[in-house]
Amino acid sequence: MILGIAAALLLAFPRQTDEGFPGLAAGRNPRVEIPWNRLYDYPEIYAHLDRLVAAWPELLSHQVIGHSVEGREMRVYTLNDPSTGAHDEKPAMWVDGNVHGNEVQGGEAVVYLAWYLLENYGSNERVTELLKRSSFYLLPMVNPDGRASWFNDAHSASSSRSGVKPLDRDRDGLFDEDGPDDLDGDGNIVQMRKFVPGRGTHRLNQDDPRVMERVPSNDKGIRGDWIILGREGVDNDGDGRINEDGLGGYDMNRAWPSLWMPDHIQYGAGPYPLYWPETRSIARFLYGHTNVAAVQSFHNAGGMILRGPGAETYGSYPRADVRVYDEIAKDGEKMLPFYRYMIIWKDLYSVFGGFSTWTYEGLGIISFTNELWVGSRNSPDGRLEGEPRHFFDDHMLMGAGFVDWKSYDHPLYGEIEIGGFRKDVYRVPPSFLIEEMLHRNALFCIRHAETMPQVEIEEAEISDLGGGVYAVDVRFRNGSLIPTRTALAGSKKIGIPDRFTLAGDGLEILAGGFRSDRFRPERIELAEHEPAHLLREAGIGGRDEVRVRWIVRGRGPAKIRFEAEKALNQERNTQVP
Amino acid sequence: MHLIPIALLFFCCVQTSASVQDSGFRLRNHQDQQNSIASLARAHSANVSVETIASSRGEREISVLRLTGSDEAPGRPAILLVANLEGTRVFSSALALNHAWKLAEEYATEDGVRAFLDSTVLYILPRANPDAAEARFIRPLFERLSSGHGIDDDRDGRQGEDPPSDVDGDGFITQIRLEDPEGEWIADPTDARILIKADRSKGERGQWKLHTEGRDLDGDERVAEDAALNARVERNFPAGWKEHDGSAGLFPGDEPEVRGLIEFILAHPEIAMVVIYDAIDNLVETPKGIEDEARSVKLVPPSGVRESDAKYLKELGKRYREGTGSEAKSSSGDDAGSFQRWCYEFRGLWTLASVLWDMPIEAPPEEPDAGEDTPQGDAEGDIAEEAAAEGEEGDAAENQLEQEDENEKSKEPEPSVDAKRLRWVDAVDPARFDPWEAFEHPELGSVQIGGFAPFARFEPPADAWEELAGEHLEYVVSLGDKLARISFAECTREELGEGVWRVTAVLENGGLLPFLSRSARNTRSTRPGRLQLELPDGATLLGGRVQSLVSEIEGSGGRHETTWLVLAPEKLADGIRVVFDSDHAGQAQATPKVKP
Chain A
60 MILGIAAALL LAFPRQTDEG FPGLAAGRNP RVEIPWNRLY DYPEIYAHLD RLVAAWPELL
120 SHQVIGHSVE GREMRVYTLN DPSTGAHDEK PAMWVDGNVH GNEVQGGEAV VYLAWYLLEN
180 YGSNERVTEL LKRSSFYLLP MVNPDGRASW FNDAHSASSS RSGVKPLDRD RDGLFDEDGP
240 DDLDGDGNIV QMRKFVPGRG THRLNQDDPR VMERVPSNDK GIRGDWIILG REGVDNDGDG
300 RINEDGLGGY DMNRAWPSLW MPDHIQYGAG PYPLYWPETR SIARFLYGHT NVAAVQSFHN
360 AGGMILRGPG AETYGSYPRA DVRVYDEIAK DGEKMLPFYR YMIIWKDLYS VFGGFSTWTY
420 EGLGIISFTN ELWVGSRNSP DGRLEGEPRH FFDDHMLMGA GFVDWKSYDH PLYGEIEIGG
480 FRKDVYRVPP SFLIEEMLHR NALFCIRHAE TMPQVEIEEA EISDLGGGVY AVDVRFRNGS
540 LIPTRTALAG SKKIGIPDRF TLAGDGLEIL AGGFRSDRFR PERIELAEHE PAHLLREAGI
600 GGRDEVRVRW IVRGRGPAKI RFEAEKALNQ ERNTQVP
Chain B
4 MHLIPIALLF FCCVQTSASV QDSGFRLRNH QDQQNSIASL ARAHSANVSV ETIASSRGER
64 EISVLRLTGS DEAPGRPAIL LVANLEGTRV FSSALALNHA WKLAEEYATE DGVRAFLDST
124 VLYILPRANP DAAEARFIRP LFERLSSGHG IDDDRDGRQG EDPPSDVDGD GFITQIRLED
184 PEGEWIADPT DARILIKADR SKGERGQWKL HTEGRDLDGD ERVAEDAALN ARVERNFPAG
244 WKEHDGSAGL FPGDEPEVRG LIEFILAHPE IAMVVIYDAI DNLVETPKGI EDEARSVKLV
304 PPSGVRESDA KYLKELGKRY REGTGSEAKS SSGDDAGSFQ RWCYEFRGLW TLASVLWDMP
364 IEAPPEEPDA GEDTPQGDAE GDIAEEAAAE GEEGDAAENQ LEQEDENEKS KEPEPSVDAK
424 RLRWVDAVDP ARFDPWEAFE HPELGSVQIG GFAPFARFEP PADAWEELAG EHLEYVVSLG
484 DKLARISFAE CTREELGEGV WRVTAVLENG GLLPFLSRSA RNTRSTRPGR LQLELPDGAT
544 LLGGRVQSLV SEIEGSGGRH ETTWLVLAPE KLADGIRVVF DSDHAGQAQA TPKVKP
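Protein sequences, first through last, are from chains A and B.
Quick note on numbering: the first sequence equals residues 60 to 636 in the numbering used here.
Quick note on numbering: the second sequence equals residues 4 to 599 in the numbering used here.
To be clear, the hints were calculated from the coordinates, so they are not data collected in a lab.
Note that the coordinates shown come from a computational prediction; the quantities given were computed from them, not determined experimentally.
Possibly wrong hints are sitting among the right ones.
[Claimed, not checked] Here are the computed lysine-lysine pairs in the PhoX-like style, where the Cα-Cα straight-line distance is at most 25 angstroms:
no., chain 1, residue 1, chain 2, residue 2
1, A, 552, B, 598
2, A, 551, B, 301
3, A, 405, B, 105
[To be verified] From the derived model, a few chain A residues whose C-beta atoms are all more than 12 angstroms from chain B:
no., residue
4, 230
5, 371
6, 409
7, 622
[As the list claims (entries may be wrong)] Derived Cβ-Cβ restraints for the label pairs, each shown as a range:
no., chain 1, residue 1, chain 2, residue 2, range
8, A, 123, B, 291, 49 to 57 angstroms
9, A, 253, B, 545, 32 to 40 angstroms
10, A, 343, B, 140, 29 to 37 angstroms
11, A, 300, B, 301, 28 to 36 angstroms
12, B, 183, A, 143, 26 to 34 angstroms
13, A, 241, B, 291, 52 to 60 angstroms
14, A, 243, B, 545, 28 to 36 angstroms
15, A, 526, B, 220, 30 to 38 angstroms
16, A, 378, B, 266, 37 to 45 angstroms
17, B, 582, A, 300, 18 to 26 angstroms
18, B, 445, A, 143, 20 to 28 angstroms
19, B, 545, A, 289, 44 to 52 angstroms
The beta-carbon is built from N, C-alpha and C at its ideal position, and this holds for glycine as well.
In isolation and in its complexed conformation, chain A is listed as follows:
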């Protein structure tokens, strides 16, 4: 009976989901509830996205673009409002995550972005407008095998970065035969240390014996009692080295065609670009979707908004594109506390064959790589500075992030101790800070997506030049920050130039061209051939316009058309005279 009333009430009062979930707290009730305070394994990520597909089948769908080395699906989820055009006719943003298997939270960030846009579609004007004029291609896990291993096997925070195709990293003819070992079987790969009284390099912190301190090297005769023996493991292949040939051993963010360098120059690059099936399927997808006008690829950690070049030898990016990068990233720095906008080779380290450098240098798309999560967020005002990491772990996680040192009898080292921080601290946030990280980064993607080109054809001006000849002046305006063709795309002749067309049955189009001067109509770069159909390698700049003048004989209705790879095509009718 009570249940019946409750059901009746639910039916009688429209649910509040119509108001969306814009980031405000009171009375919001999402259509699909996803706990944003945890991380999800491979099947769970797709399960969440499939729930979104079920709730918004008209807006979200997926396709399988390939399979990982172990046969896991590579799914791209397409988010688009089809009432205003097919996804591939609109400028689109590509967002992926988790190319490094251990850098997991990029996957959740991709899901969050889809969820946020869907929940607010129809209620929030800007979100609705964004999905009407653009689309999103979302691939939550570039490296699903690495992710699955990180969740299910014993790992540290930094292991399982690679994919899982076996590689003979130590060149002894055997593959993946000597990785770290979970010696004590507790599900963690942590550190090994050994007590060597008076002959060590380290000592235990007086106040907290869990903490190792390096003994200063000086003449005062101070000696350490401990040595650190690296990551938990044994010499599985008996070659005298420990943990030197583990799972995979390559880097799928060094595998892309632009400025690719082989393994001896760029560690992890593999034998040739796009060697691994995960990278190849993504490249095929992006070569086939020339409407992609913005790229974000989520990594962890360190709080960075990265752009290329990845290596000094590339030189610098064209000034006009750098201005676009700077403007978006400066907003990003305000949206993402503790994150810094950095150039990869200059401010981080050199990367040959990186993904987001390829999407810009190879495909001409404004592209960022965000490094999600930065430890300073644990203590925003810096008052934990100088404290050991244990303070936060002890007081905010009740010590759950640390595996206490325990004695172990090692086959080579004898009696040692094993202990250290677990894999899910340091590179990923504690559960209660995950949602903030996801929201801020998803909203940065939305900011980036909102700057994708959007062109309008303004009302044509018709001037009578006498003798039955008319001038048709048209302004094509790109109101957004990103140009229809980046300066790089223009200079490297990537894709197809923008096309500006005039057609009318009663018109003979005598000449046409781009005006270079607002006031002097005779300053015009005349097309040598086909004046009705003008091409422009440089496209239309960000927040800029292109002025076209056609000189025609005759009269009647005319159709003006603009076509571009990375902007919705536009059409406008006019009348001559």
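We have chain A; now place chain B onto it with these hints.
Showing chain B alone in chain A's frame:
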């Protein structure tokens, strides 16, 4: 215009169980070649097998033949011979396939061939670029280079709308020239059939425009400027790949032929050397080396052959020139994205490249009729040598004279290389040049159509084929014992005290080439040798490594010594073994002998 004779079928007279149709030495279209390959593998199944490594965009299978001796030992090193990477080099694929037939047929009878195949695996990939090569066998005849990913060459928003074509319908796509003051070309003053670039700094005004034969179908006043395909196999490999260059392809390895070849090499680490018959030469004009430790600039190492490898290339080049007499060099210095550069710079493989033949720039000297068909003998050889020596002197004298002449009347213009080539064409095979003929072009008006006949530059006269093939096969066979081959030169144990043994093993390289090229060591692309000490139960290692990796063993008898200290009672010491294995230079094991 006539059919050029080399396009005619040419049969050689080899007695074989397979039909002459299958084994004959001639240019073959794809289907014909595949039939010949299949027939070869059938007729000589004990020594020959075939593997398909890729299928081209045009759905032509790319086959690799594997030839080796009948009883196969593990760890046999391999040579990979690749031909016809550029579509124009169809002759090179005929030669490579001829090698395969000859080797298979001579295995039973020729000691040298048997010794080679019993110690070496030879992979032969006769046609790396079947799509472009097929243009050799269809009309109109056209020197097609591209086979892959197409781009919009003229940036007019349309792709492939203005390709080369046979405008005058003579069955050949050659060149169009027309007199035009906007042109950049002038006639070679020594031979008006050849056009050379006008040098405006010398007061030369351009008089001619020169185009590939074709229409101006898109009305942009440019002729044959946008063909459907652009990517070339020989530009699509990762080393030095030129991004955003149409001929380089969409990304390295995008072309199926390229990826198939790369994957084949990755799957066959026993390949120690690659021989290429195509457009690039490094045997006639051997490369000048760069320092072994040449510094990287902004993290990128310089391109080129490392000094210590260049020394060996120089030696192998010298032997090549001695064996074949070839003087044919690369036609361009551009090796960006080439197979050759990838093999050497990124994989560290010994890579030898020959262009086989180039069109001579002189008419052949008139030979006396006598002596042509007389059987060879020592005396004959001597006479020939003397004649050759005389000839050289004569040439030198002539050159000197010429030079003096030039000094005196320096206004006498020097013919361009193409004009010199015409001397040979005129004397030997005039059909190789299609004389300029007036033609009324639908877009350009009055023009002339003509030029070198397609493929004329790349295919030697038929009567030279057998000799060329014989010399090159002999050279390839001679490479077998140049490869590094590692064995134990010594393996001993010496008792230092009761039950304590010093075990010593000395590896030796019996080949000319070092165990790893300098480039292989730099690139870490070839697995080093692995040396392992195997101890019986009860024996203990007191000193040394159970396993070590060996990268450096010089060629021509270079040695590598390793010692261990082992504790083992006398009766157990017999069970000590030393084992060496490598992917590309053999395997060996030894039982240490007691050293008195």
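**OP:** May I ask you to test the hint 28 to 36 angstroms on the CB atoms belonging to residue 300/A and residue 301/B?
**Re:** holds (32 angstroms)
**OP:** Look at the Cβ atoms of residue 582/B and residue 300/A and judge whether their distance stays inside 18 to 26 angstroms.
**Re:** holds (20 angstroms)
Subject >> Non-interface claim for residue 230/A, where every Cβ of chain B lies beyond 12 angstroms >> reply: violated (5 angstroms)
Original post:
Should the label of residue 622/A as a non-interface residue stand, given a Cβ cut-off of 12 angstroms to chain B?
Top reply: For residue 622/A, whose nearest Cβ neighbour in chain B is about 9 angstroms away, the distance does not exceed 12 angstroms, so it is violated.
**OP:** Could you say whether the range 32 to 40 angstroms given as a hint is met by the Cβ separation of residue 253/A and residue 545/B?
**Re:** violated (24 angstroms)
Original post:
Does the Cβ distance between residue 378/A and residue 266/B fall inside 37 to 45 angstroms?
Top reply: holds (42 angstroms)
Subject >> Straight-line alpha-carbon gap residue 551/A to residue 301/B, limit 25 angstroms >> reply: Roughly 23 angstroms separates the two Cα atoms, so the pair holds.
Original post:
Far enough from chain B: is every CB of that chain over 12 angstroms from the CB of residue 371/A?
Top reply: Contrary to the label, residue 371/A does not stay out of reach of chain B, its closest Cβ about 5 angstroms off (not over 12 angstroms).
**OP:** Note whether the CB distance of residue 241/A and residue 291/B lies within 52 to 60 angstroms or breaks it.
**Re:** holds (54 angstroms)
Subject >> Cβ distance range 49 to 57 angstroms for residue 123/A and residue 291/B, holds or violated >> reply: Holds, since residue 123/A and residue 291/B (Cβ atoms, about 52 angstroms apart) stay within the stated range.
Original post:
That 29 to 37 angstroms hint for residue 343/A and residue 140/B (C-beta), does it hold up?
Top reply: holds (32 angstroms)
**OP:** Look at the Cβ atoms of residue 243/A and residue 545/B and judge whether their distance stays inside 28 to 36 angstroms.
**Re:** Given a distance of about 32 angstroms, which is inside 28 to 36 angstroms, the answer is holds.
When held up to the earlier numbered hints, the structure conflicts with 1, 3, 4, 5, 6, 7, 9, 12, 18 and 19 and fits the remainder.
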